[in-house]
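Those sequence lines, one after another, are chains A and B.
Following my numbering, the numbering of the first sequence begins with 1 at its first residue and continues without gaps.
Following my numbering, the numbering of the second sequence begins with 1001 at its first residue and continues without gaps.
All the pointers check out, no bait thrown in.
Straight-line distance between alpha carbons at most 30 angstroms, and here's what the computed BS3-like set of lysine-lysine pairs gives:
| id | chain 1 | residue 1 | chain 2 | residue 2 |
| --- | --- | --- | --- | --- |
| 1 | A | Lys158 | B | Lys1289 |
| 2 | B | Lys1289 | A | Lys126 |
| 3 | A | Lys210 | A | Lys109 |
These aren't lab readings, by the way, just hints derived from the structure by calculation.
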Amino acid sequence: MTFPFPSVLQQPASTEHGTPPAVRVEQLSLRYGKKVAFAPVDAHFPGGQISALIGPSGCGKTSFLSCLNRLHELIPPARVSGQVYLNHCDIATLPLTPLRRQVGMLFQKPNPFPLSIYRNLAFPLKEHGIRDRTHINTIIETTLQEVGLWSEVKDRLKAPALSLSGGQQQRLCLARALALKPQVLLMDEPCSALDPLSSEIVEDLIVRLKGTYTVLIVTHNLGQASRIADQVAFFWVQHEVGQLIEFGSTQDIFSNPQNPLTLAYVRGRRG
Amino acid sequence: MAPWISLLPAQRHRFSAKESLATAVVWGVALGITAIFAALLGDVVWQGGRQVNWVFLTQAPQRAGLEGGIAPIVVSTGLVLMVCMGVSLPLGLGTAVFLSELSRQHPFWSRTIRLSLDILAGVPSVVFGLFGNAFFCKGLGLGFSILSGGLTLACMVLPILIRSIQVGLSGVPPEYRQASAALGLSRLGALGTLIVPAAMPGIVVGILLGIGRAIAETAALIFTSGYVDRMPASLLDSGRVLSIHIFDLAMNVPGGEAPAYATAFVLVALLVIINSLVSGWAKRFQQSKIQVL
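Modelling step: build the complete structure from the supplied sequences, incorporating the hints.
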């Protein structure tokens, strides 16, 4: 999948052969004032694969995700320690704009802008310096096709994005992120607010992203984690602090977990 | 099953008696207040409306307003209002944006600004008048002029304007800010394209409250724009606004009650016209920018 992108889209941490970067965290932890959201985490999420973050509510999964594109900076009392690397590039050294362009995000609740379907995609592209209209139109058509929305909306691109169904809105948000050609995608329970049918469509899409993007997905749906993920990270709350308990291949986590907490959780006895 | 169905008959009875009483009180209060306003407005329309005609609207006042019309006074009012809103709107929008978008990063400054605004909002208008007289008329040498009056009013309406706009901005769903931050968009881009248009209803409330306060102001303007009832030639001329004209006719001119009523009718009509124009413009502005359902 190659877009005719201009040089402004050259991204700092991209690898030579277009393999998306691995995400590596070292002693990463986050606190809101005095409350520790999650204790120091060391992990390596391989490039081009899907890693699922599972665990009960309030165990710091979403907070963890927000450190990877520095979205936690929107909340001033949030303080991060430790490092996040995209390949070998420390994200703390990157300016926010290229970082967030490279690390896209999908939220639990679909959050399209109150603009037309077309402008939802065109506005971010313009903000990132892409002015050529034919170029913008090409990107919009390609990304909408990529998320399977093109045939559904091509005749009403001027319609409000908020008039779409929940599942369509979420796919539009995915297209909006993909249009900026990120390499890493963070997803915070992207299917949990959708009906089962839309959820299935979005899940199929996520599987198709494998290889092209490094995907980190928070999910409460263990079935989903086992179906789509290559790695699974299990978070748990101990002493009111989120902890990464176990991290391994999906097979290991679900069939042969090392930690009794993980075993209890994936068997549905706890959590 | 709904919980009240299982209540004992006696309880149900006591409950419904209280409910009926509360309903009656709420209706009574609402109707009473509406009636007072309706009576006031009806009086002004009845006594004033029948005297307003083309001559009254297009001629200058004669014999202290007992004859002639109020043309220069309407013009002065319009000019004072334009100066006031022209200055206070950009300042107010800027401050409100600071308070809603940057307050988390600068808690000390936003608290200080908020506190001073709350104090300013409670300052009587006559104090603003004396301040305007000392600062704009004498200090800056603008004299008794429409400019001095408009600037003084701008100071006076700023607190109310800022707080309403800020409430509007804060009411914009946080998802818009989160989504645009996650896409790496500039704050200014998000503000201009999404946040301000989405906050338009709140901004309009601020503007309307500001205009309402400014157009009705008398005390602050006696000290600043003066009460010369000639047609103003420039912003540096003194000019009499409608509310001062009403005050003067009612208090200082024997037999001035009738033209005072007529002027009050024009004032109310002007307010209604301005309000509908502003609301209409804001709605069109919002629809041209964003698409809410």
